[in-house]
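Residue numbers (numbering that gives the first Met the number 0), protein chains in the order written: chain A, 0 to 376; chain B, 0 to 365.
Worth flagging that the hints you see were computed from the coordinates, not collected in a lab. Quick caveat: nothing in here was measured; it's all calculated off a predicted structure. Certain hints may be false.
With a straight-line cut-off of 25 angstroms between C-alpha atoms, the simulated PhoX-like cross-links for lysine-lysine are [said to hold, decoys possible]:
#1 LYS299(B) / LYS292(A)
#2 LYS289(A) / LYS113(B)
#3 LYS299(B) / LYS289(A)
#4 LYS292(A) / LYS200(B)
#5 LYS363(B) / LYS289(A)
#6 LYS289(A) / LYS242(B)
#7 LYS335(B) / LYS292(A)
#8 LYS299(B) / LYS266(A)
#9 LYS363(B) / LYS321(A)
#10 LYS292(A) / LYS242(B)
#11 LYS113(B) / LYS200(B)
#12 LYS266(A) / LYS330(B)
#13 LYS289(A) / LYS258(B)
#14 LYS321(A) / LYS250(B)
#15 LYS346(B) / LYS266(A)
#16 LYS299(B) / LYS321(A)
#17 LYS266(A) / LYS113(B)
#18 LYS258(B) / LYS321(A)
#19 LYS206(A) / LYS172(A)
#20 LYS258(B) / LYS338(A)
#21 LYS256(B) / LYS338(A)
#22 LYS292(A) / LYS250(B)
#23 LYS292(A) / LYS256(B)
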Amino acid sequence: MAKDVVSFILAGGKGTRLASLTKKMAKPAISFAARYRIIDFPLSNLANSGLDNVSTITQYESIALNAYIGNGEKWGLNGCRSVSNVLSPRQTEEGASWFFGTADAIYQNLDYLDELKPSHVLILSGDHIYKMIYVDLLNFHKLRRADVTISSIEVSLEDASRFGIITSDEQGKVLDFEEKPKVPKSTLASMGIYIFKYDVLKEILIKDHLDEFSTHDFGKDIIPYMLKNKYRVYTYVFNGYWRDVGTLASLHQSNMDIIDEMHEFAKSENDLVRHIYTEDTHSFPAYIGKSAKVSHSLINQGAIVLGEVINSVVSNEVLIEKGASVNRCIIMNDVSIAKGAKIYDAIIAPHTRIEENKIINAERKQIILYSGEGEDE
Amino acid sequence: MYRVLALCNTHSSPEIEEFKDERSFPIIPFLGRYTFLDFTLSNFSNSDIDKMGILVRNNPQNISMHLGNNQSWNKNTKTGFLYTLYDERGILNENYNTDISNLKLNAWVLERAKPQYVVIASCHYLIRLDYRDALKFHEENKNDVTIIYKESQRGKELKSITLIKFTRSGVVSEMKENDLSKDHVYADIESYIFNYEFLLKILEHEGKGISFKEAIKIAIETKKGKIKAYPFLGSVQAILTFKDYVDTSLKLLSYQKRKDLFNSNWPIYTRTHDTPPSKICEGSEVTNSFVANGSVIAGKVHSSILSRNVSVEEGAEVDETLIFSEAIIGKNATIKHAVIERGVIIKEGSCLIGDEEHPLYINKSN
Chain A
0 MAKDVVSFIL AGGKGTRLAS LTKKMAKPAI SFAARYRIID FPLSNLANSG LDNVSTITQY
60 ESIALNAYIG NGEKWGLNGC RSVSNVLSPR QTEEGASWFF GTADAIYQNL DYLDELKPSH
120 VLILSGDHIY KMIYVDLLNF HKLRRADVTI SSIEVSLEDA SRFGIITSDE QGKVLDFEEK
180 PKVPKSTLAS MGIYIFKYDV LKEILIKDHL DEFSTHDFGK DIIPYMLKNK YRVYTYVFNG
240 YWRDVGTLAS LHQSNMDIID EMHEFAKSEN DLVRHIYTED THSFPAYIGK SAKVSHSLIN
300 QGAIVLGEVI NSVVSNEVLI EKGASVNRCI IMNDVSIAKG AKIYDAIIAP HTRIEENKII
360 NAERKQIILY SGEGEDE
Chain B
0 MYRVLALCNT HSSPEIEEFK DERSFPIIPF LGRYTFLDFT LSNFSNSDID KMGILVRNNP
60 QNISMHLGNN QSWNKNTKTG FLYTLYDERG ILNENYNTDI SNLKLNAWVL ERAKPQYVVI
120 ASCHYLIRLD YRDALKFHEE NKNDVTIIYK ESQRGKELKS ITLIKFTRSG VVSEMKENDL
180 SKDHVYADIE SYIFNYEFLL KILEHEGKGI SFKEAIKIAI ETKKGKIKAY PFLGSVQAIL
240 TFKDYVDTSL KLLSYQKRKD LFNSNWPIYT RTHDTPPSKI CEGSEVTNSF VANGSVIAGK
300 VHSSILSRNV SVEEGAEVDE TLIFSEAIIG KNATIKHAVI ERGVIIKEGS CLIGDEEHPL
360 YINKSN
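Bound-form chain B, shown alone (with noise of 0.2 angstroms):
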């Protein structure tokens, strides 16, 4: 087993501006059940790393929040730990908040796991990823720093992604955003090894103004250190708008979607709300949905997700929407095409209708 430190990177996560007053994206709701962070934990503590941390950007509050007790996600509460990480003074000056200042200002984090390897992963890109693997590729070859990426076919298509190029050794020689010219392309999906002596030099030489990314970038351009790129094969979803969000989402209705996310073998750990299981009352149609525990319906409900104590009254009606925790949906209501925001009560007899291209954001203040 290798000593392995992982690192869960929310600096590079995107602001999605319909969420930016209520929650930042790490946290955000998913599948009714799950946050964005509780995938990529569940990926480390999978991979047997229990060295944990999270890089937070901002709002840490929210996150410890989330995380309560912290030992959800590890398997072994005392050989492991889980830190949340923040630069106080840098979430107060926006430019110099960046990934590699907040791990400079915890470096203490570095001393206390005495790792070989850092990994760096970012929680926007939703993947089943097997760390043991990517370590061994690391290890074997000797790198300095591994970027693991995903091929693909549709890169015309992959707005606001990193895109590699390597030699057939698998030594990489440029990053770069996508210019949306080339179909077969190699993204980067945000998932670093570092070595950790490699990693101390970027800490000391970068600059306060830059992240690992783009540490990397100077890297790869000035020659310095192996880097070589790893392939993931399993498939991946981007979340970089709020539209990806809500087609995602949806998107993992379907079986074939999801069952290369949703694997029994790879538990998705978060933290337990005691929630009782839902009640499905009679004269209510329910179909095509995810639905948490603790919540009731009593209405219609189509082809969407319900998150945690979500209520939805007589003769309402939800047709392709995302309800968070604690919302209650009025009677006779029709909403479609929707994101309902935690604790929203929607009244008796509203109707809320989006379209596809342009879902519906409700939160309390609207």
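Looking at chain A on its own, in the form it has when it is part of the complex (with noise of 0.2 angstroms):
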């Protein structure tokens, strides 16, 4: 049965902008919201969505994050339908290479795709936090005939030159498209969202491959190219909670911003809004303890707080000693702040140990990270 949607997600990469974080694990597969995993949100839309067949792409230190992925039965992927793979480099007839490049990921595997015969394409990242529905954008793209649908969303002027910045026409007919303008245009920004007509994805990433200059990127080499040569590109504006978390403050943000939208998505009228698939820890229930003192927080299962929090994200088999407090912080899962210690806008690494009395950054005046290593900004 030939799939009309065949869905990729771009999981390869290092995230280099998250210091210790991704040493050893890739940044799709690090803790977000006291719960999740940052690589549930692609996962689980994808799920809701109803497109059921999912390839993640990994290469990074993939260990955790293929285990993670297993067979697709966290998000209901194991239906008797639905196909959930990981694709990582591999050796062939014409030698081994590593991915170079986004593009060049889907490139090496045209012959995968080939078997499929899909109509169209779905790309995605696996470093997004936002809840959506594709069908809308797939609906978009249908009517359209696009040869390319980018989703985007707006942002603030501010920020506009982090990203890919859209110029597009009332019918969404992208105009014009700059990777990272330091003066921006517009405030539409690419949300790393793209979905290809596959004969046209094939023709160009081939084109691509040849390419000598080219660094197989598809915000900087793909989508330039079918602009310049007149290819049909539209944008589909995105209206929701997208955020892109490559740095420790982005990460940190989110998970602040994630505090009161994660209840949103929860209370959504739409049910497949609702839920956010993820692993079950069997942790045991999260206790607040006698003398604890807990505001504006996020509390995972498993979590025993006796301490104070503020303002923070707890996740799981994480303890919080009586006297401890800990204020505008990400605290991963298994980790242990003794009594005394004091910590203040800062992410702790996963299985960190906190020692009686430690004061983990005072000042204030950035977001840092916290592992067993030490401090990292």
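Using the supplied hints, reconstruct the complex from the two chains, each of which is provided in its own coordinate frame.
So, in structure tokens, the structure goes:
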């Protein structure tokens, strides 16, 4: 049975700006919002959109990520008609090579796509936090008979230079696309979500592969090439919460936002938007102690809070002892914080032990990452 | 490894009057996240037993709903199984709706498991029991039946409990209801190990109206088979009444009391509901409480247990109360010593105060 849409999640990048968090783990596998991992968001979105042929591209430190994805069962992608794949670089008759960029990762899997014969290919990023049903995007793409449709979102003018910025007409036809412009022409930013007509995608990837000046990147090379050569490039504007979590500061901010957003998703009228699926940790229920003080925070099952937690996100199997205090922090799984410790504006890496009376980031000048090995900025 | 079939026996579960219309015992919510069934099934699973069944007395649809795709408890979903077994006709005729008649009707499960030993355990005694040790004892002693018991010095307080007596070599000589006359007793916690052949004999010879427990009692009295006692050394919480249920739940808020049941090497499996972490809002006050995922707390919650997706609105005060999933406690409501059923909406400003001896039970109809 030929699939109308086949989906790819790009999850192979290193995430260098997340310091030691990504030392042994690819960015999409990093803990988020006390219970989830970042990649739960695109995978749940796909499951909820009924798009059940999903391949996740992995490369950098992929053990934890590959094991986590498994057969896709956590997102229901082990159903009788679903396929959940993990695609890592492989050896072929032509030899062996790494993926040299996002476009190259798809190029190297064209043989697999040829077998599936999809009409369209949806390409997502593994490190974005958002809740989206891709059906509207897909319908828009088909209605406009687009070769590629880029999902986009309005951002503030000050943020615009961090993104690929789109100028479009009223029909959503893209007139101009510029990666990280110093002087942005608009505030419509690419979300790094693309849906291509498969035959066009294939033709362009083959050309791009032969271009020795290309960096084989969708944003930097493929989209500009398509615009230059008058392909039908459209943009679909998404209204909703979306964050790129590429840096410690944005990871922190997005976690802070999610304290409120998470329950907005859960309250949604649309049953499909309500859930984000994830691993069940077999944790005991969360316990909030007799002298605990918790305010504006997310607390996951398995956490034991005996101290003070303010504006923070506390994951499973975390112990915060009496007299310890955390403020604007992300406490990842299996962290223990001994009495008297005070932590501000920090991300605490999984499995970290914080000793008695330790003070972390009292200056609060920026967000810091703290792991067993010390501080990172 | 032994070839074992383990059956959770819900025929022997107590009928709790308050919950009668809403739910059967095995799936009463417990500590916000579990049901009683989860503890028994997790004991089986953590003991490396992967062939499991539930002898369901009534409301099989309730139990199926909790089990979902049945795959949350098995260590291997291909080599193992978890069946719900019930006697449809038996459900309509209470007199003959016994565990024995249920298993007789569902004897195919025995064929499928081809066990050496069959564990039959009830789920109203909360224990963390490693059946591997008990099975080893059973095998080494070449028993026909092993009765797992708990020694207690508070025999005069243990109402509606069966006691056993045994010889110095552990051979059980008597099994009878507690007459509350002695302090030092050996309490039957309704976890039995049967030799397969011996179990088949019981199924063959015993009449429809009796239970496995009664069959064991008859075997002891008529001196049939080798029946020995095996001590359980951990702590036991027996849940026989509504009051036991509320008291035990709240007692487990204490770390000293719960550490025996909650051990990181002994996970308690349950079905995941994909609910987000709980949100504890600014201006709220939460102390000494279990909070399951999906809840949003804006009011005050003290010494209470909240199940999934509970909402406690601003100004509400909840004290020593158990709240089941999806319930909403409206603004400025005051609740003390109560159990709030699933999905109940407590109106703004309501005041519901029970007392410690008689906690209030609030369901949708009252």
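Against the structure, the hints:
1. LYS299(B) / LYS292(A): holds, 11 angstroms
2. LYS289(A) / LYS113(B): Between LYS289(A) and LYS113(B) the Cα gap is close to 51 angstroms, so the pair fails against 25 angstroms, i.e. violated.
3. LYS299(B) / LYS289(A): holds, 13 angstroms
4. LYS292(A) / LYS200(B): With a Cα-Cα distance of about 60 angstroms, the restraint between LYS292(A) and LYS200(B) is violated, given a limit of 25 angstroms.
5. LYS363(B) / LYS289(A): violated, 31 angstroms
6. LYS289(A) / LYS242(B): holds, 23 angstroms
7. LYS335(B) / LYS292(A): holds, 21 angstroms
8. LYS299(B) / LYS266(A): holds, 22 angstroms
9. LYS363(B) / LYS321(A): violated, 39 angstroms
10. LYS292(A) / LYS242(B): Distance ~30 angstroms between LYS292(A) and LYS242(B) Cα, so the pair is violated.
11. LYS113(B) / LYS200(B): holds, 15 angstroms
12. LYS266(A) / LYS330(B): With Cα atoms ~18 angstroms apart, LYS266(A) and LYS330(B) stay inside 25 angstroms; holds.
13. LYS289(A) / LYS258(B): Holds: LYS289(A) and LYS258(B) sit about 17 angstroms apart, inside 25 angstroms.
14. LYS321(A) / LYS250(B): holds, 20 angstroms
15. LYS346(B) / LYS266(A): holds, 20 angstroms
16. LYS299(B) / LYS321(A): holds, 20 angstroms
17. LYS266(A) / LYS113(B): Violated, at about 48 angstroms.
18. LYS258(B) / LYS321(A): Holds - the C-alpha atoms of LYS321(A) and LYS258(B) are around 18 angstroms apart, at most 25 angstroms.
19. LYS206(A) / LYS172(A): holds, 23 angstroms
20. LYS258(B) / LYS338(A): holds, 20 angstroms
21. LYS256(B) / LYS338(A): holds, 22 angstroms
22. LYS292(A) / LYS250(B): The hint holds at about 21 angstroms.
23. LYS292(A) / LYS256(B): holds, 23 angstroms
Hint check: violations occur at hints 2, 4, 5, 9, 10, 17; the rest are consistent with the structure.
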